[in-house]
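Required output: the full structure, derived from the provided sequences and hints.
Here is what each chain is made of, one letter per residue.
Number of protein chains: 2
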Amino acid sequence: MAMEQKIADVSFESLLKIFTIPEGPDSTLTQIEAKLSQNLNKFLGEHIVAEEKPLREIEKDFSSARIPEQPEFVSDHTEHLLDTLVSHSVHTSSPSFIGHMTSALPYFLMPLSKIMIALNQNLVKIETSKAFTPLERQVLGMLHRLIYGQDDAFYSQWMHSAEHSLGAFCSGGTIANITALWVARNNALRAEGTFQGVEKEGLFKAMKHYGYEGLAVLVSERGHYSLKKAADVLGIGQSGLVAIKTDENNRICPQALEEKIQELKSQRIKPFAVIGVAGTTETGSVDPLRAIAQVCQRHACHFHVDAAWGGATLMSNKYRHLLDGAELADSVTIDAHKQLYVPMGAGMVLFKDPNAMSSIEHHAQYILRKGSKDLGSHTLEGSRSGMAMLVYASMHIISRPGYELLINQSIEKAKYFATLIKQQEDFELISEPELCLLTYRYIPAKVKQALTLANDEERVELNELLNELTKFVQKRQRETGKSFVSRTRLNPAQWSRMDTIVFRVVLANPLTSNDILACVLQQQRQIVQQQAPNLMVEIGRLSDQILSKSH
Amino acid sequence: MAMEQKIADVSFESLLKIFTIPEGPDSTLTQIEAKLSQNLNKFLGEHIVAEEKPLREIEKDFSSARIPEQPEFVSDHTEHLLDTLVSHSVHTSSPSFIGHMTSALPYFLMPLSKIMIALNQNLVKIETSKAFTPLERQVLGMLHRLIYGQDDAFYSQWMHSAEHSLGAFCSGGTIANITALWVARNNALRAEGTFQGVEKEGLFKAMKHYGYEGLAVLVSERGHYSLKKAADVLGIGQSGLVAIKTDENNRICPQALEEKIQELKSQRIKPFAVIGVAGTTETGSVDPLRAIAQVCQRHACHFHVDAAWGGATLMSNKYRHLLDGAELADSVTIDAHKQLYVPMGAGMVLFKDPNAMSSIEHHAQYILRKGSKDLGSHTLEGSRSGMAMLVYASMHIISRPGYELLINQSIEKAKYFATLIKQQEDFELISEPELCLLTYRYIPAKVKQALTLANDEERVELNELLNELTKFVQKRQRETGKSFVSRTRLNPAQWSRMDTIVFRVVLANPLTSNDILACVLQQQRQIVQQQAPNLMVEIGRLSDQILSKSH
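Chains as they are written, first to last, in the numbering used here: chain A, 3 to 553; chain B, 3 to 553.
Derived by calculation from the structure, the hints in this document are not laboratory data. Worth double-checking, as some hints may not be accurate.
As the list makes no split between identical chains, a pair holds if one copy fits it or if it spans any two.
In silico BS3-like pairs for lysine-lysine, Cα to Cα no more than 25 Å straight-line [stated by the list, open to error]:
no.	residue 1	residue 2
1	K375	K473
2	K372	K62
3	K55	K477
4	K267	K210
5	K375	K484
6	K375	K477
7	K202	K484
8	K202	K372
9	K448	K262
10	K484	K19
11	K375	K320
12	K247	K202
13	K424	K62
14	K44	K55
15	K354	K62
16	K55	K375
17	K320	K477
18	K62	K375
19	K473	K450
Because the structure is a prediction, the values reported are computed rather than measured.
Given below as structure tokens:
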């Protein structure tokens with residue numbers, strides 16, 4: 003109903019209606035909502051157009067910067083959203099879209115999300131969130147226990163303590179990582195004597211007080227790009243984010259880490275944090291966390307684990323050993339909107355020591371009064387929604403063993419896909435899956451043969467052509483709209499560390515079947531054969547040339 | 003249905019069901035959702051218990067840090083959430099809860115939110131958001147035009163430009179303010195000669211290169227607490243956030259600002275940004291933005307306006323003059339989840355100059371490639387949801403004149419309430435409303451009389467008793483659960499700048515009627531009379547004592 007009976011008018015009465023009278027059962031919006039609730043995949047399948055429209059075309063529908071002077075009926079606007087927005091959105095829950103970290107969601111989260119949004123709590127303080135505050139503290143406690151496994155006495159002492167916080171619920175992994183490094187920086191440059199600490203006096207005075215020439219955070223060269231942002235924001239500078247080389251499995255080399263720390267120290271540069279990655283974004287690799295922990299302990303560095311992706315693996319008793327050593331970290335980032343299968347916007351950072359966050363604690367008169375249990379006194383963000391409710395509900399409805407099954411099947415599906423790729427004569431696996439990510443590329447059988455005879459120059463040339471082919475196939479596959487893999491650039495050992503463009507797949511969606519995986523390869527093969535004649539001729543010619551040398 | 007037919011089991015088949023089979027029409031969750039959709043206020047009124055349960059009691063329901071080993075049926079868990087969480091949440095949309103900035107939401111946003119969550123887009127990049135990217139860019143363009151009013155040519159040139167961004171959509175005003183100051187800091191300490199800029203080399207080298215002894219951000223003493231957090235995170239230090247005194251209307255004194263800047267400069271401290279507040283959190287006051295802009299121009303400071311609360315006033319042709327000078331700001335923060343009436347999680351920062359954000363631009367191999375239109379290259383956050391869709395829909399369905407009505411009625415309701423308070427012989431208005439916020443307190447008629455005769459010492463004593471009374475009344479009113487105002491501490495001129503505890507109300511909810519306002523006062527009066535006998539006796543005795551002196 004609302005403003006839908008006649009031409010939309012602007013009066014205070016009609017405005018009050020939109021706050022008091024819900025859309026009627028026959029309204030367009032209610033019907034669309036019902037269809038979506040009945041069968042999301044069917045709804046999205048019907049409403050998202052398969053073939054990609056060029057972005058420039060889509061932009062035409064979003065070109066006016068004028069705020070409308072004329073109201074629209076809810077039903078009219080809903081139709082408009084379906085036509086212009088929903089139809090050209092991305093079917094992130096499709097089982098054949100395996101190129102990103104956004105997977106299908108359990109159905110129950112949709113009505114629960116609506117309840118969460120209708121309640122419109124603000125978690126910054128108790129006054130606007132009441133029971134949501136202990137709920138969020140419990141969720142943080144659960145994740146803390148998943149990582150650190152402290153006993154019940156520990157959680158009953160700290161979980162709801164007003165002056166402490168076991169972590170922070172954030173909008174995502176980036177804010178979680180920034181929060182961890184913020185805490186680490188402030189603890190490294192804490193108050194001492196007449197110096198009041200970096201939080202009060204700032205970085206310049208802190209450096210002078212401590213006599214440092216620079217600060218450094220060390221991470222493998224496969225670390226997430228957001229860490230550079232963190233280093234910039236925190237005043238360390240991007241050059242203070244020091245990349246450590248990785249081995250042939252994309253894992254940080256502890257020896258190289260140790261040497262770099264010593265080198266930095268000899269230059270009076272303070273390495274205040276080391277980040278271990280538990281599930282790199284590109285290959286899903288997990289750093290040797292236990293070995294990093296030892297290095298950190300030796301040098302009194304804050305040890306942070308970026309497990310935004312891989313953290314959920316701790317739910318699996320079968321595979322949690324892959325994250326061995328995470329329990330030694332001072333802080334850990336986990337994104338619930340990744341492998342805990344809740345909607346976008348649920349990052350978390352957990353701190354081993356309940357006192358760690360005191361270095362960033364803040365208070366204000368009108369809220370966050372000292373001694374209150376307001377969550378806002380330990381978060382980078384201010385106002386925040388009740389997202390923690392969705393994590394809480396998922397952990398109760400799915401339960402730990404349910405998550406274990408989801409994690410196990412995703413890892414095992416990745417292993418299956420790796421085997422499948424290796425069986426193809428015209429594909430090459432680039433990185434073996436550790437978690438549920440792997441990378442590969444198309445490489446004609448003839449090229450594989452030619453490579454055994456190619457000299458360095460020819461290998462470079464072949465690699466460049468294959469890079470171009472991979473890029474082309476990935477783009478065409480996306481545009482066709484039947485399936486989607488992403489791409490990235492790696493420097494694999496088997497390709498002499500040359501820049502290598504690869505397909506990247508993430509197999510988290512439980513609805514992705516083995517058949518779908520076979521289809522993805524078949525589609526890529528078809529694109530190569532039917533749509534890339536010029537590139538294939540060039541690749542064939544070069545391969546023949548190399549092969550002919552041997553005769 | 004899902005796992006609801008028998009005892010909840012853990013098998014991959016039952017897990018697949020939660021991803022593929024929606025809750026049935028008779029399921030508890032569907033029914034709860036339906037009730038909530040039919041009449042939100044009734045639903046909340048029935049399910050949120052009125053009388054407040056002590057937090058310690060609520061915490062008992064959220065005390066285990068163990069992730070359950072046994073799955074729960076969706077319906078069982080939904081009942082559990084109703085009993086333990088919803089029942090003890092805060093009725094933020096209640097028209098008699100006028101103590102915080104969270105108001106009622108238009109109905110159409112609830113089903114739209116569900117669609118947004120079901121689509122589960124990730125705005126960090128085009129690949130996972132497609133049409134949502136131009137939509138968000140348009141929303142930023144609309145807010146930019148609302149503030150800066152550039153012509154159509156401007157927006158068609160910049161709004162969708164890959165290398166530019168008119169602002170950033172954030173989880174809230176805190177991140178928006180941090181983003182603005184991050185940009186300002188990086189522009190102030192930009193690359194020059196062999197120095198590569200603060201973003202690359204960090205703050206310590208930047209300070210040495212520029213020869214500064216410190217950095218400063220200036221803001222009125224009524225600035226939001228999050229700015230201290232920002233100063234800490236950005237490495238400036240909380241002491242670099244310099245508070246400038248305000249006049250009797252809680253507005254910054256431009257003369258004091260000018261003098262402070264000169265003083266800082268003479269100490270080789272660089273004042274790189276000044277923040278004008280357009281709607282302080284405590285009193286809704288708006289700084290003299292035009293005068294601040296002149297000071298900033300004189301000293302080449304970045305001028306940021308924190309209009310998280312007041313920005314929506316620009317929608318009102320009648321009242322937008324209250325923010326006169328906002329268009330001179332280099333950046334402006336606006337929270338759509340405040341007076342644009344969308345759910346929690348929709349902050350924005352807009353930059354006048356489309357090139358401003360290049361100082362924080364970042365790229366990565368696998369996403370945010372240079373030349374792409376990925377929004378993630380200009381945001382502090384990484385993965386983000388499609389919240390911008392809700393702002394977009396609201397602006398189309400409510401339209402600019404609709405927002406104007408909402409803004410006008412809220413300002414005029416505050417003026418009405420101020421008049422009402424002044425008419426009471428036992429209340430005192432502390433701050434006049436500029437926007438829709440005001441502060442006041444209970445003060446017995448006899449005290450008003452006594453004050454005319456009291457000496458300094460007696461005024462201090464009376465003030466302390468009134469502070470205690472205000473605190474008591476606010477707490478009891480909240481606990482009773484019928485209505486809610488918040489409280490804060492001010493230093494009003496009429497109370498000789500003494501610490502003064504006041505009631506604070508925010509009149510944004512369009513459902514709050516004049517009757518409700520009268521009731522709120524009546525309830526407070528009742529609490530004083532019926533529940534605060536000891537305090538009232540003490541206040542009465544002191545007043546009598548003062549009054550007796552005159553005889």
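Hint check:
no.	hint	result
1	K375 x K473	between (51 Å within a copy, 18 Å between copies)
2	K372 x K62	between (51 Å within a copy, 22 Å between copies)
3	K55 x K477	within (13 Å within a copy, 57 Å between copies)
4	K267 x K210	both (16 Å within a copy, 21 Å between copies)
5	K375 x K484	between (49 Å within a copy, 23 Å between copies)
6	K375 x K477	between (50 Å within a copy, 16 Å between copies)
7	K202 x K484	neither (55 Å within a copy, 42 Å between copies)
8	K202 x K372	within (18 Å within a copy, 37 Å between copies)
9	K448 x K262	neither (43 Å within a copy, 74 Å between copies)
10	K484 x K19	between (43 Å within a copy, 24 Å between copies)
11	K375 x K320	neither (37 Å within a copy, 41 Å between copies)
12	K247 x K202	between (36 Å within a copy, 20 Å between copies)
13	K424 x K62	neither (44 Å within a copy, 54 Å between copies)
14	K44 x K55	within (21 Å within a copy, 44 Å between copies)
15	K354 x K62	between (50 Å within a copy, 23 Å between copies)
16	K55 x K375	between (50 Å within a copy, 15 Å between copies)
17	K320 x K477	neither (37 Å within a copy, 51 Å between copies)
18	K62 x K375	between (48 Å within a copy, 15 Å between copies)
19	K473 x K450	within (19 Å within a copy, 79 Å between copies)
The earlier numbered hints that this structure contradicts are 7, 9, 11, 13 and 17.
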